[in-house]
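So the protein lines, in turn, are chains B and L.
Per the working numbering, residue 1 is the first one in the first sequence, and the count goes up by one each step.
Per the working numbering, residue 435 is the first one in the second sequence, and the count goes up by one each step.
Among the hints, erroneous ones may be present.
Facing chain L, according to a computed beta carbon distance under 8 Å, are these residues of chain B, among others [to be verified]:
#1 Gly311
#2 Cys350
#3 Tyr354
Which stretches of chain L does chain B cover? Using the computed rule of at least three CB atoms under 8 Å from a CB of chain B, they are [as the list claims (entries may be wrong)]:
#4 504-512
#5 540-551
#6 705-711
FYI, nobody ran anything at the bench for these hints, they're computed from the structure.
For each residue, glycine too, the CB sits at the ideal point set by N, CA and C.
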Amino acid sequence: MADLKTNFLGIESPNPFWLASAPPTDKEYNVRRAFEAGWGGVVWKTLGAEGPPVVNVNGPRYGAIWGADRRLLGLNNIELITDRPLQTNLDEITRVKKDYPDRAIIVSLMVPCEEAAWKAILPRVMETGADGIELNFGCPHGMAERGMGSAVGQVPEYIEMVTRWCKENYDKPAIVKLTPNITDVRFPARAAKAGGADAVSLINTINSIVSVDLDQMAPEPIIGDKGTHGGYCGPAVKPIAMNMVAEIARCPQTHGLPISAIGGITTWRDAAEFMALGAGNVQVCTAAMTYGFKIVEEMISGLSQWMDEKGYASTSDFIGMAVPNVTDWQYLNLNSISKAKIDQDACIKCGRCYAACEDTSHQAIAMSEDRTFTVKDDECVACNLCVNVCPVENCISMVELQPGELDERTGETVSADYANWTTHPNNPSAQAAE
Amino acid sequence: MAQGQTAPGIVSGRLSSEDIAANFDDLHPAYAPHEAAVAADRCYFCYDAPCVTACPTDIDIPLFIRQIQTGHPQAAAQTILDQNILGGMCARVCPTETLCEESCVRETAEGKPVEIGRLQRYATDTVMSAGVHPFERAASTGKTVAVVGAGPAGLAAAHRLAMLGHDVVIHEARPKAGGLNEFGIAAYKSTENYAEAEVDWLLKIGGITIENGSALGQGVTLAGLQEAYDAVFLSIGLGGVNALRAEGEDKDGVRDAVDFIADLRQADDLSALPVGRNVVVIGGGMTAVDAAVQSKLLGAENVTIAYRRGREAMGASRFEQDLAASKGVKLMFNVQPVAVHGNGAATEIELEYTSYTGGELTGTGETVRLSADQVFKAIGQTLEDAPGELTLDGRKIAVTGAGRTSLERVWAGGDCAAGGDDLTVTAVAEGRDAAMDIHASLSA
Numbered sequence: 001m002a003d004l005k006t007n008f009l010g011i012e013s014p015n016p017f018w019l020a021s022a023p024p025t026d027k028e029y030n031v032r033r034a035f036e037a038g039w040g041g042v043v044w045k046t047l048g049a050e051g052p053p054v055v056n057v058n059g060p061r062y063g064a065i066w067g068a069d070r071r072l073l074g075l076n077n078i079e080l081i082t083d084r085p086l087q088t089n090l091d092e093i094t095r096v097k098k099d100y101p102d103r104a105i106i107v108s109l110m111v112p113c114e115e116a117a118w119k120a121i122l123p124r125v126m127e128t129g130a131d132g133i134e135l136n137f138g139c140p141h142g143m144a145e146r147g148m149g150s151a152v153g154q155v156p157e158y159i160e161m162v163t164r165w166c167k168e169n170y171d172k173p174a175i176v177k178l179t180p181n182i183t184d185v186r187f188p189a190r191a192a193k194a195g196g197a198d199a200v201s202l203i204n205t206i207n208s209i210v211s212v213d214l215d216q217m218a219p220e221p222i223i224g225d226k227g228t229h230g231g232y233c234g235p236a237v238k239p240i241a242m243n244m245v246a247e248i249a250r251c252p253q254t255h256g257l258p259i260s261a262i263g264g265i266t267t268w269r270d271a272a273e274f275m276a277l278g279a280g281n282v283q284v285c286t287a288a289m290t291y292g293f294k295i296v297e298e299m300i301s302g303l304s305q306w307m308d309e310k311g312y313a314s315t316s317d318f319i320g321m322a323v324p325n326v327t328d329w330q331y332l333n334l335n336s337i338s339k340a341k342i343d344q345d346a347c348i349k350c351g352r353c354y355a356a357c358e359d360t361s362h363q364a365i366a367m368s369e370d371r372t373f374t375v376k377d378d379e380c381v382a383c384n385l386c387v388n389v390c391p392v393e394n395c396i397s398m399v400e401l402q403p404g405e406l407d408e409r410t411g412e413t414v415s416a417d418y419a420n421w422t423t424h425p426n427n428p429s430a431q432a433a434e
Numbered sequence: 435m436a437q438g439q440t441a442p443g444i445v446s447g448r449l450s451s452e453d454i455a456a457n458f459d460d461l462h463p464a465y466a467p468h469e470a471a472v473a474a475d476r477c478y479f480c481y482d483a484p485c486v487t488a489c490p491t492d493i494d495i496p497l498f499i500r501q502i503q504t505g506h507p508q509a510a511a512q513t514i515l516d517q518n519i520l521g522g523m524c525a526r527v528c529p530t531e532t533l534c535e536e537s538c539v540r541e542t543a544e545g546k547p548v549e550i551g552r553l554q555r556y557a558t559d560t561v562m563s564a565g566v567h568p569f570e571r572a573a574s575t576g577k578t579v580a581v582v583g584a585g586p587a588g589l590a591a592a593h594r595l596a597m598l599g600h601d602v603v604i605h606e607a608r609p610k611a612g613g614l615n616e617f618g619i620a621a622y623k624s625t626e627n628y629a630e631a632e633v634d635w636l637l638k639i640g641g642i643t644i645e646n647g648s649a650l651g652q653g654v655t656l657a658g659l660q661e662a663y664d665a666v667f668l669s670i671g672l673g674g675v676n677a678l679r680a681e682g683e684d685k686d687g688v689r690d691a692v693d694f695i696a697d698l699r700q701a702d703d704l705s706a707l708p709v710g711r712n713v714v715v716i717g718g719g720m721t722a723v724d725a726a727v728q729s730k731l732l733g734a735e736n737v738t739i740a741y742r743r744g745r746e747a748m749g750a751s752r753f754e755q756d757l758a759a760s761k762g763v764k765l766m767f768n769v770q771p772v773a774v775h776g777n778g779a780a781t782e783i784e785l786e787y788t789s790y791t792g793g794e795l796t797g798t799g800e801t802v803r804l805s806a807d808q809v810f811k812a813i814g815q816t817l818e819d820a821p822g823e824l825t826l827d828g829r830k831i832a833v834t835g836a837g838r839t840s841l842e843r844v845w846a847g848g849d850c851a852a853g854g855d856d857l858t859v860t861a862v863a864e865g866r867d868a869a870m871d872i873h874a875s876l877s878a
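Generate coordinates for the entire structure from the input sequences, incorporating the hints supplied.
Given below as C-alpha cells:
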C-alpha cells in the first residue's frame, strides 16, 4: 500500500485529505468525529476577533443545484464565520490538538484589516498548539461587506500587508486562502508570496445565485421574501478551481509556492488531479456535507490503490507532475492533427453526435438510412464535441494522424515538426522561425 | 370463506377477496414525480429517434419525456394526445417491449430501455386526474359522420372529427363504449375503471353522441348510414371467434377467451367470478395470455397455455410469456387440441404434438391428456357482420390509403380493416388518419 503520509509546510498528516474551514470543522464534537473517521487534518472554521460573535440568519443558509436523481452538484451558502465565542473555540482547539497530535489542525482567521486586531488574536492561537493558520481572504458574502473576507482578497496590497503582519506576529506556517472572485488569481497569489505566506489555499467559494423561485420571484435561499448572493462550491466548481491552482503552479513568480487545493473534491480522483496540478494536499467540504465524514475512506483507499497501480510510493512522487504540460494556447502544436473515429460496434445509434455536429459544429458526421454514423474526414476539425455528447464511453475517439498521412480536410500532409501560433504565417506578429 | 384452489369444477371464490384484489393490482404502478424525473433523465433525446419511428402513432417521445423532465407533465400529455388521443390506455396496454422500448437505444446499450410506457402514463395521468381536456372544437362544419363501433379506432376517429367541427354519432352494439379496452384486455392493465374514465374524458371534446345497442344488422344498415350521414367510418372489430375444430368442443366448460375476459372486466366482484381448477387456454396471442394469467389470479390451481407452434412464433411478446410464467402459468408449445373429453362437461383435453414437415405444421400422432374442467379458445377472432357490398381483402375489409373502402364515403379502420396488426395503438392511428382523410374529403 502506498504511503499517503503528507508533509505540507512541515506539518505532517497521515493523508492529504483535510476538511476545509466550514461548518464540518465548527467545533470540537465534529472535529473529533472527523479524525476518528480518518481525516488527515482540519482547518478549523474561521474565528473572528474577540467580542460579541457574529450572528447568522435564522432562515435557510444553503441553496443547491442537483442532477436528475437529486445528486448534489453545487451548493451555495450565506453562512458567516463561527458564531461561537472566541475563547470557546480556542479551548476546544487546544483540547483536540492535544488528543490528536498526529493530525493537522490549522486555525482559520478573519479579523478586521488592522494590525492591532491580528496582533491580538495571533498569540492566543499560538497557545492552542495548532499547527498553523489560514487567513480567510475569501468569503464573498456577509463579511466582505464589513471589509473582511473577499474584500481583502480582492486587493493584493491588503493581502500582502496582512500576511506580513501575521508572519511578524506568529511563528508557525501561515496559509493565505484566496478568493476566486477576481479576474486573475496570480495577482493575489503573488501578493501573498510577497507578504511571506508559506502557502496559498484555493479556491474559496464563488459568488453566486443558484436559483430563483419563480413564484416568489426571489433568489434562493429566501429569507423572508428576499435572498442574497452566496458562496458557490461543490463538484460544479472543480474546473474553475483547477485552473486557478494550475495558474499559480505554473506562474514563474509563484511556482513552487505550496498550494492547498479546494474546490469540489469528492473522490480520490479529484484529489489526484489537483495534486498533479501542483497541490500539496487538498481540502474538502461539500463532499463531507453531502455524504458525511465516512467518504474519506473511499478517498484514502482510492488514492492509495491508484498510487500502487502507478508505482508512486509517496504523494510527493506525483505532486505537480502535470504542471509542465499546462501551457498557453499559442504554444499548442498546430501540427497535431486528429480525426474523430466512431467505433461502430460500440455505437448505439442515438444520433447525438450527428445532431451536435450537424447543428452546431462542422457538419462532419454523415448519417445513413439505417442510422450508421460516420465521420467525414474531409470536414472533421477534431473539435471533440461528438466525443463529449456521446453517451457511450470510448465509442468515439480522437485518433491522431501520423506524420506523412494526409489531412483530407486541408489536403496537406501531416508534418512531424512542432509548429505553433507564434510562428504561424497567419499571425500578424509571428516571429520567423530561426 | 375461500373455496380454495383445489375445489373441483368451475367455481367462484377460490381465493379470498383480499388476495384477488392484490392479484389484480396495477401491472405497472404509476410513477411518483421523483421516479418520473429520474426515468425521464435516462432519455438521450436521440436525433430522429428510433422510438418515434417504432410508434404506430408517431408520438414525439423524446419531446414529451423532456417536458416531463423539465416539470411540465401536462405539456408532455399534450404532445402525446395530439398524436394519440388514447395515449393513456396505450401507455397501459401497448406491448412497448416490441415497439418504442424495443427500439430505445438504451435497450441496445444496456438491455434497459427508457420506460417510455410508464412515462407516457405519468404524463397522461396528470391531465386525466386534473380533469383537463386540452382540446377545443373548431366551428361547426354542419357535416355529420357515422362511426360504427366505439373501440379505439372509432373513438380516435370520432374525437378527431369532432375536434375538426363535424358532428359525430357512434353506433355501438354493446351497452358501454371502449371496445376491447373496456371488454378485451386484462384487468391489471386497466385498473380503477380506466377505460371507462378515458372514454368519458375523450367525450369532453363535445359533438359526439354514442348510441348504444346500435350496430350493423341491429337497427342500422350501411346503406342507411350512407344515406343519413356525410361519411361513415367502420370500426366494427372482429366479432367472431375461430373454432377449435376439435372433437367435444361443444362440451360445458369450453368457451371463448374473449367472453371470459369480458365477463371478468365487467364483474363488480371478482371473487364471485367462477373459474376452473384446471384451465387450459388454446392459443398463443395476447388474448391467450390475458385469459390464462387472469385464471391463475382468480385462483385456478393449474393453468396451461397450449400453443400449436414454437415459442418464437407466439403472438404474445416474450414479456407477456414471462409474465404468464411468473404467475405460474405453464406454457406448452407444439401441441394442438384434438379432443375435449368428459361426460357433458369437460374433464380432460387431449393434445397432439406437432412438428414442421415440409414447411407444414402436422400432428405427430403422439397425444397427451391434461385435466381440464375449463378450456378457453383464444385462437384468433374473425370479422362478422360485414356488409356484403364491401370488398374484402382476405378475411378483413379491404382499404387503400387512410382507410378508404371500396365504397364511396365509407372508411374503415382498426381490427376489422386489412393491413393492421390488431394493436390498440394501431387502431388509434388508423382512426385518426381516416378522420383526417374524411375531413379533407368533406372540406373539398
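Now the hints, each set against the structure:
At a threshold of 8 Å, the smallest CB-CB gap from glycine 311/B to chain L is about 35 Å, leaving the interface hint violated. Here the hint on cysteine 350/B is kept, as its CB sits about 4 Å from the closest CB of chain L, short of 8 Å. Here the hint on tyrosine 354/B is kept, as its CB sits about 5 Å from the closest CB of chain L, short of 8 Å. Against chain B, the segment 504-512 of chain L contributes 0 residues with a C-beta closer than 8 Å to a partner C-beta. That does not satisfy the three-residue criterion, and the hint is violated.
Coverage of the segment 540-551 of chain L by chain B holds. Counting CB-CB distances below 8 Å, 3 residues qualify, and the rule asks for three or more. Note: the segment 705-711 of chain L has 0 residues with beta-carbon separation from chain B under 8 Å; the three-residue rule is not met and the coverage is violated.
Comparing the model with each numbered hint stated earlier shows that hints 1, 4 and 6 do not hold.
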